[in-house]
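The primary structure of each chain is shown beneath.
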Amino acid sequence: MGELKLMKGNEAVAEAAIRAGADGYFGYPITPQSEIMEYLMTEKPYETTGMVVLQAESEVAAINMVYGGAACGRMVMTSSSSPGISLKMEGISYLAGAELPAVIVNVVRGGPGLGTIQPSQSDYFQATKGGGHGDYRMYVLAPASVQEMSDFVKIGFEMAFKYLNPVMILSDGAIGQMMEKVVLFDPIPRRTPEEIEKQCPWATTGKNANRKHNVITSLLLDSHEQEQHVFKLRDKYERMQKEDVKFEKIQCDDAEFLFVAYGSSARICQKAVDIARAQGIKVGLFRPITLFPFPSEELLKLSSQIKGILSVEMSLGQMIEDIKLAVECKIPVNHFGRTGGVIHSPGEVFEALKSTYLGG
Amino acid sequence: MTEEIIIAGFGGQGVLSMGKILAYSGIMQNQEVSWMPSYGPEMRGGTANVTVILSDEMISSPIVNEFDTAIILNQQSMDKFEKTVKPGGILVYDPNGITRHPTRKDITIYSIDATDEANRMGNVKIFNMIVLGGYLKIKPVILIENIIKGLEKSLPKRHHGLIPENKNGVMRGMEIVKQN
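Taken in sequence, the protein lines are chains W and C. Mapped onto this note's numbering, the consecutive letters of the first sequence carry residue numbers 1 to 360. Mapped onto this note's numbering, the consecutive letters of the second sequence carry residue numbers 1 to 180.
If you're looking for bench data, these hints aren't it; they were derived computationally from the structure. Be careful, since some hints might not be right.
What the hints assert, rightly or not - A partial selection of chain W residues facing chain C, derived with a Cβ cut-off under 7 Å:
| id | residue |
| --- | --- |
| 1 | M178 |
| 2 | L184 |
| 3 | S345 |
Don't be surprised by glycine CBs; every beta carbon is placed ideally from N, CA and C.
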């Protein structure tokens, strides 16, 4: 069993990056995620594992440093919060186009624009439906605890290299700032240059006489070639849907109503489930852990026993669209959520369920 | 046992660190813990608060809207959080600087002159530990030896020399807290 610590979600991300054997972190400070780089700068992994930690001159620079590192087959990551992630979107699209592995952490705050520094979940569309331009998807993990902030960095890198695709960890200010117990996984040594060359034959690791030169680009001027390339990307996204969907079901077995929520909203809903169950109302919680690929199949299966779904998100309602598609609009799906940095309470969520489905 | 606590006051009073010591101490006692700070504009402008949950069971939501205990250290926090205490819960406050005292009848109210006491003891920095002691006297959710272990965990090593003084603060707080 690993080491037990009390940590902030942001600190857990940083510690996990070092332990996962990451080669580099490139970032630019923004609340509520600045502790990630602060922690890395305090821990100085460049003196121990050799991991690079660099404060770039901007978010745009940071994501392009990630592009450069990933092109060399290195395990690289960046983090930011909503406005900063918007700045990174061009680079993310290029990473997807060039099929490069990288982990991007978004500790979401309320928007649009500079918005507020308080927690929000209003970047769901951006994370799951594009954000950058072109036919691409990110593999999106939504942690609901400090433990998952740590674990998902490791899983994120695994997925990034499995699919050669950018992975986003979509967190929020609440999970980033709060402290909980976390069991840290045992450190994994950084890969040697030989191991990187073997694992990433596509990478620009330095050409030798035995192979052709590798080119990393997202530019394919011939449209037919570009179409074939996009089809290849599509096959990866379909494979994600088949092999790597993650979700959690809480008290769903006998549920008549369902909260569907991710991240900190899922934690709040878990308490709302307890409140409802204490009053004899059979409610369950379905928590998508991957937002892309969305656990549509499982939700559809579950929906046959459900009278109504409440999608609870700290936004005006974004994931609700995926829920409706998943259940093929066969049962009522409604939204509840505070937004703009306001966090709904378990009591509010419970009241919303009652007023939506139980006549108040 | 689940204890949901809000600690609220001015930045610099040691609100967040009091919460941190409670959380660390909870771990020493094999409890589940969560520590959810305010980090927003209010913190930058003066007031700070933190929600700490200690429990024998898995903690579902680290975000709650009503509390078993409110520890209140300034007037703004009194105005905001007196109403959030669950019926039957407790409110502990330092009357220093409080102009509108709590009035609820369905909760138990305690006061602790921690500001004055810290001055008397010649160390304003142990103010928060005096308050913590007062709270632990009323609700012994954490054993004192685990508080010391929590202090060891949450303080950087170079400050470990301050632990005896902090312990004195806790002990003194236990003596001077009183029910209104």
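Each hint, compared with the structure:
Hint on W/M178 holds. Least Cβ distance to chain C is approximately 4 Å, under the 7 Å limit. Violation of the interface hint for W/L184 is found here, the shortest Cβ-Cβ separation to chain C being roughly 14 Å, above the 7 Å cut-off. Because the beta carbon of W/S345 sits about 3 Å from the nearest beta carbon in chain C, less than 7 Å, this interface hint is met.
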